[in-house]
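*Asks:* Residue numbers (our numbering), protein chains in the order written: chain A, 1 to 133; chain B, 1 to 133; chain C, 1 to 133; chain D, 1 to 133; chain E, 1 to 133; chain F, 1 to 133.
Simulated from the structure, these hints should not be mistaken for lab results. Where is the CB? At the ideal position from N, CA and C, for every residue including glycine. One should not assume that every hint holds.
Said to hold, decoys possible - Which chain C residues stay away from chain F? Per the calculated CB distances, all over 12 Å, these:
1. E10
2. M29
3. E133
To be verified - Each computed DSS-like pair below joins lysine-lysine, with the alpha-carbon atoms no more than 27 Å apart:
4. E:K54 / F:K99
5. D:K54 / C:K131
6. E:K131 / E:K99
7. B:K28 / B:K54
8. A:K99 / B:K54
9. E:K94 / F:K131
10. D:K28 / D:K54
11. D:K17 / B:K99
12. D:K28 / D:K131
13. F:K54 / D:K99
14. F:K99 / E:K99
15. B:K99 / D:K131
16. D:K54 / A:K54
17. E:K131 / F:K28
18. C:K17 / F:K131
19. A:K54 / B:K54
20. F:K131 / E:K99
There are 6 protein chains.
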Amino acid sequence: MSTVPMVEFEQATGLVKEVYDDMIATRKMTRIPNFWKTLATHPPTLASTWSEWKAVMGTPGRLDRLTKEMIAVAVSTTNRSTYCVNAHSAAAIKAGMDKEMLGELMAVIGFFNKVNRMSDGYQVEPDIFPKME
Amino acid sequence: MSTVPMVEFEQATGLVKEVYDDMIATRKMTRIPNFWKTLATHPPTLASTWSEWKAVMGTPGRLDRLTKEMIAVAVSTTNRSTYCVNAHSAAAIKAGMDKEMLGELMAVIGFFNKVNRMSDGYQVEPDIFPKME
Amino acid sequence: MSTVPMVEFEQATGLVKEVYDDMIATRKMTRIPNFWKTLATHPPTLASTWSEWKAVMGTPGRLDRLTKEMIAVAVSTTNRSTYCVNAHSAAAIKAGMDKEMLGELMAVIGFFNKVNRMSDGYQVEPDIFPKME
Amino acid sequence: MSTVPMVEFEQATGLVKEVYDDMIATRKMTRIPNFWKTLATHPPTLASTWSEWKAVMGTPGRLDRLTKEMIAVAVSTTNRSTYCVNAHSAAAIKAGMDKEMLGELMAVIGFFNKVNRMSDGYQVEPDIFPKME
Amino acid sequence: MSTVPMVEFEQATGLVKEVYDDMIATRKMTRIPNFWKTLATHPPTLASTWSEWKAVMGTPGRLDRLTKEMIAVAVSTTNRSTYCVNAHSAAAIKAGMDKEMLGELMAVIGFFNKVNRMSDGYQVEPDIFPKME
Amino acid sequence: MSTVPMVEFEQATGLVKEVYDDMIATRKMTRIPNFWKTLATHPPTLASTWSEWKAVMGTPGRLDRLTKEMIAVAVSTTNRSTYCVNAHSAAAIKAGMDKEMLGELMAVIGFFNKVNRMSDGYQVEPDIFPKME
Numbered sequence: 001m002s003t004v005p006m007v008e009f010e011q012a013t014g015l016v017k018e019v020y021d022d023m024i025a026t027r028k029m030t031r032i033p034n035f036w037k038t039l040a041t042h043p044p045t046l047a048s049t050w051s052e053w054k055a056v057m058g059t060p061g062r063l064d065r066l067t068k069e070m071i072a073v074a075v076s077t078t079n080r081s082t083y084c085v086n087a088h089s090a091a092a093i094k095a096g097m098d099k100e101m102l103g104e105l106m107a108v109i110g111f112f113n114k115v116n117r118m119s120d121g122y123q124v125e126p127d128i129f130p131k132m133e
Numbered sequence: 001m002s003t004v005p006m007v008e009f010e011q012a013t014g015l016v017k018e019v020y021d022d023m024i025a026t027r028k029m030t031r032i033p034n035f036w037k038t039l040a041t042h043p044p045t046l047a048s049t050w051s052e053w054k055a056v057m058g059t060p061g062r063l064d065r066l067t068k069e070m071i072a073v074a075v076s077t078t079n080r081s082t083y084c085v086n087a088h089s090a091a092a093i094k095a096g097m098d099k100e101m102l103g104e105l106m107a108v109i110g111f112f113n114k115v116n117r118m119s120d121g122y123q124v125e126p127d128i129f130p131k132m133e
Numbered sequence: 001m002s003t004v005p006m007v008e009f010e011q012a013t014g015l016v017k018e019v020y021d022d023m024i025a026t027r028k029m030t031r032i033p034n035f036w037k038t039l040a041t042h043p044p045t046l047a048s049t050w051s052e053w054k055a056v057m058g059t060p061g062r063l064d065r066l067t068k069e070m071i072a073v074a075v076s077t078t079n080r081s082t083y084c085v086n087a088h089s090a091a092a093i094k095a096g097m098d099k100e101m102l103g104e105l106m107a108v109i110g111f112f113n114k115v116n117r118m119s120d121g122y123q124v125e126p127d128i129f130p131k132m133e
Numbered sequence: 001m002s003t004v005p006m007v008e009f010e011q012a013t014g015l016v017k018e019v020y021d022d023m024i025a026t027r028k029m030t031r032i033p034n035f036w037k038t039l040a041t042h043p044p045t046l047a048s049t050w051s052e053w054k055a056v057m058g059t060p061g062r063l064d065r066l067t068k069e070m071i072a073v074a075v076s077t078t079n080r081s082t083y084c085v086n087a088h089s090a091a092a093i094k095a096g097m098d099k100e101m102l103g104e105l106m107a108v109i110g111f112f113n114k115v116n117r118m119s120d121g122y123q124v125e126p127d128i129f130p131k132m133e
Numbered sequence: 001m002s003t004v005p006m007v008e009f010e011q012a013t014g015l016v017k018e019v020y021d022d023m024i025a026t027r028k029m030t031r032i033p034n035f036w037k038t039l040a041t042h043p044p045t046l047a048s049t050w051s052e053w054k055a056v057m058g059t060p061g062r063l064d065r066l067t068k069e070m071i072a073v074a075v076s077t078t079n080r081s082t083y084c085v086n087a088h089s090a091a092a093i094k095a096g097m098d099k100e101m102l103g104e105l106m107a108v109i110g111f112f113n114k115v116n117r118m119s120d121g122y123q124v125e126p127d128i129f130p131k132m133e
Numbered sequence: 001m002s003t004v005p006m007v008e009f010e011q012a013t014g015l016v017k018e019v020y021d022d023m024i025a026t027r028k029m030t031r032i033p034n035f036w037k038t039l040a041t042h043p044p045t046l047a048s049t050w051s052e053w054k055a056v057m058g059t060p061g062r063l064d065r066l067t068k069e070m071i072a073v074a075v076s077t078t079n080r081s082t083y084c085v086n087a088h089s090a091a092a093i094k095a096g097m098d099k100e101m102l103g104e105l106m107a108v109i110g111f112f113n114k115v116n117r118m119s120d121g122y123q124v125e126p127d128i129f130p131k132m133e
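In isolation and in its complexed conformation, chain A is listed as follows (with noise of 0.2 Å):
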């Protein structure tokens, strides 16, 4: 159970009822998922990061979104994330991802996760590599 109680839609005035009312228009959605009613209950981080998310993962860009989503399952996998591993496998398959995509993906996670490990186990140094221009 969250640790402070979720504001529900019904229960939702200015601020809040806004970006509420902008998700539900924006991501076609029947229902406010549970972290943005818990992130409701302070109101100026409410609608920073429904920002965020219209900025990052909302408006088409050089990156696919389902690129986006798959990267989001990289990253709450390796943060160990529940909520967002959750979420965000659900957005993926949503977006295209089948099963066989999603075995290469964990194949890849896995890969990295060892060889970061390896790399600084062994105290490795780094290669020099040409920079971006």
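Chain A is fixed; fit chains B, C, D, E and F onto it per the hints.
*Replies:* Chains B, C, D, E and F in isolation, oriented as in the chain A frame:
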């Protein structure tokens, strides 16, 4: 400096030499990176890790190479692995990532590291989503 | 369920009983939390960890108790330790943290988890600052 | 060295210049730190991260600046982020943290990193606490 | 619940069936653990991870099985991986770890999680040690 | 460079001098490592951390010293703590770890960092095992 002295190309024999030769042929490299020269101090780990690299990163699959390299950067950044952030940023750039794509990638990585912690810190309960069939 | 069966208050003898009694007297508790009942399966670790709690958390110092409990939440959130996030959120609330302060705390925790990763991911070199004298 | 060449103050134009000027005016700085000069390679991320800094760190709230900087050190230490540990240790010192307060801060950070792992390692079940109303 | 429906023993065919049969023969198990039944949704990852288990954990080497299982608990605890802490605590117990050894193991894990953070938090420079020849 | 200037051996007085003398006598060292010289800036933390080192690492118990040093490397590698990986790799080598044992250790560390993330990323539910009695 690595905990153990690395096995230089000229010193390689047997299984290590086989792996080095295959690595140079497969990846068109002109020198063996420090990570692999360090793993070579334990030949079975060198051989199995190189096999895994070929299966996970070197084989065409459902995720393309650039996507995999960006996931490698996302995992390595979240684990703060200096060696791998350096090596796979270079690999992603070589595979086509430009400054703007890197900017989007970092924005996604940053956003999820933030919301991972906020959802855990507030003890938010997972929402229920349909699972994959 | 803990890996080992916990030592209940009624079962405690010797060093474990001494620690339990001191804990109840010092912290005005009516029951021993699960963490300490589990540590009691290895009495020297129970005793030394309890000593450390008293020195670090229970002794008035330059940082007040509420600040320390908020730092406990920050560390436990960043490590995603379910047990400690739960226990020390409750302790911070008991020490005076309200919903708005929790909101600010989570905003700071979220912001630094984000910028920690962005600075590592971009391989940014440290700035030079004057050190403490 | 950063993955991308940083945008120096003299090179800044448009949105980047606006942020740099605001940063210098707001924080009374004489030079732009490397983190921000690196983010400037992706102007929207620079602008939104700077906005977030102002809202989270630069605006007077319920937590004072020194407390926030110590939480920044706690998070950055737990994530082992070299850049941010360096920058926010300096910021906390500037905000009034002396050697003894740093000692207490490190003792709290150390203690919770230890008990976080012991509670997870022993698989201790959370205690039930009253939640915030 | 796993993101994907697991492959039950009765459903296994081809490569998955081969791995399941080998696993049961090698480890004298009466049922396939959930981890492997989940990996079976991506057969090449199942097969290569099982090979790696046999090479790393199942083959007699310089480190004995109990030592390896305690290291597994140390890593899984530090990563806070619920599944693996649970599975490898059980495996270490089966390999001979008793309550007192578990207590010492947790004391070592706790101590290093603490001093890891204190050395990083204080920005302590590495000492110079002779490296391995 | 440490955040605070370290307390050199020649500067030590009172409690700090007592700890330094005990450390040199106990560990047969010819110089005080940087970690301890930094902790000495907060004498109670120096004293209690040194006590804990003696109890956890310096006292013969059920786990031998080499096993404990390898667990120290496993934890420090997983936390990516540069200082401690360096110091405890050296300590493990001094306690008898050779190149082949280091290779096996890194293979175990790598394998569990991989499967920790794959089990979390796939949201695998724990199996039920008998607990310790």
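*Asks:* For every hint, state whether the structure bears it out.
*Replies:* For each hint, the structure was consulted:
At roughly 18 Å, the least C-beta separation between E10 (chain C) and chain F is larger than 12 Å, which holds for a residue marked as non-interface. Its beta-carbon lying about 23 Å from the closest one in chain F, M29 (chain C) satisfies the requirement of being farther than 12 Å from that chain. For E133 (chain C), the non-interface assignment is contradicted: its Cβ lies about 7 Å from the closest Cβ of chain F, within the 12 Å cut-off. With a C-alpha separation of about 21 Å, the suggested pair K54 (chain E) and K99 (chain F) falls inside the 27 Å cut-off, and the hint holds.
With a CA separation close to 25 Å, the supplied pair K54 (chain D) and K131 (chain C) stays within the 27 Å bound. A C-alpha spacing of about 36 Å is found between K131 (chain E) and K99 (chain E), which places the hinted pair above 27 Å, so the restraint is violated. Between K28 (chain B) and K54 (chain B) the CA atoms are separated by roughly 13 Å; this keeps the pair inside 27 Å, and the hint holds. Distance hint between K99 (chain A) and K54 (chain B) is fulfilled; the C-alpha atoms sit about 21 Å from each other, no more than 27 Å.
Distance check on the hinted pair: K94 (chain E) and K131 (chain F) sit about 10 Å apart at the alpha-carbon level, within 27 Å; holds. Taken as a hint, the K28 (chain D) and K54 (chain D) pair is honoured in the structure, with Cα atoms around 13 Å apart against an allowance of 27 Å. Proximity of K17 (chain D) to K99 (chain B) is assessed by CA-CA distance (about 19 Å); at most 27 Å being required, the pair is judged to hold. With a C-alpha separation of about 42 Å, the suggested pair K28 (chain D) and K131 (chain D) falls outside the 27 Å cut-off, and the hint is violated.
This hinted pair checks out: K54 (chain F) and K99 (chain D) have alpha carbons roughly 26 Å apart, not beyond 27 Å. The hinted pair formed by K99 (chain F) and K99 (chain E) fails the criterion: a straight-line CA distance of about 31 Å is larger than 27 Å. Between the alpha carbons of K99 (chain B) and K131 (chain D) the distance comes to roughly 46 Å, so the proposed pair goes past 27 Å and is violated. For the hint pairing K54 (chain D) with K54 (chain A), the CA-to-CA distance comes to about 20 Å; that is within 27 Å, so the pair holds.
Annotation: proposed proximity of K131 (chain E) to K28 (chain F) holds, straight-line Cα distance about 19 Å (limit 27 Å). For the hint linking K17 (chain C) to K131 (chain F), the alpha-carbon distance of about 24 Å falls within 27 Å, and the restraint holds. With a C-alpha separation of about 37 Å, the suggested pair K54 (chain A) and K54 (chain B) falls outside the 27 Å cut-off, and the hint is violated. Restraint check for K131 (chain F) and K99 (chain E): the C-alpha separation of about 11 Å stays at or below 27 Å, so the hint holds.
When each numbered hint is compared with the structure, violations occur for hints 3, 6, 12, 14, 15 and 19.
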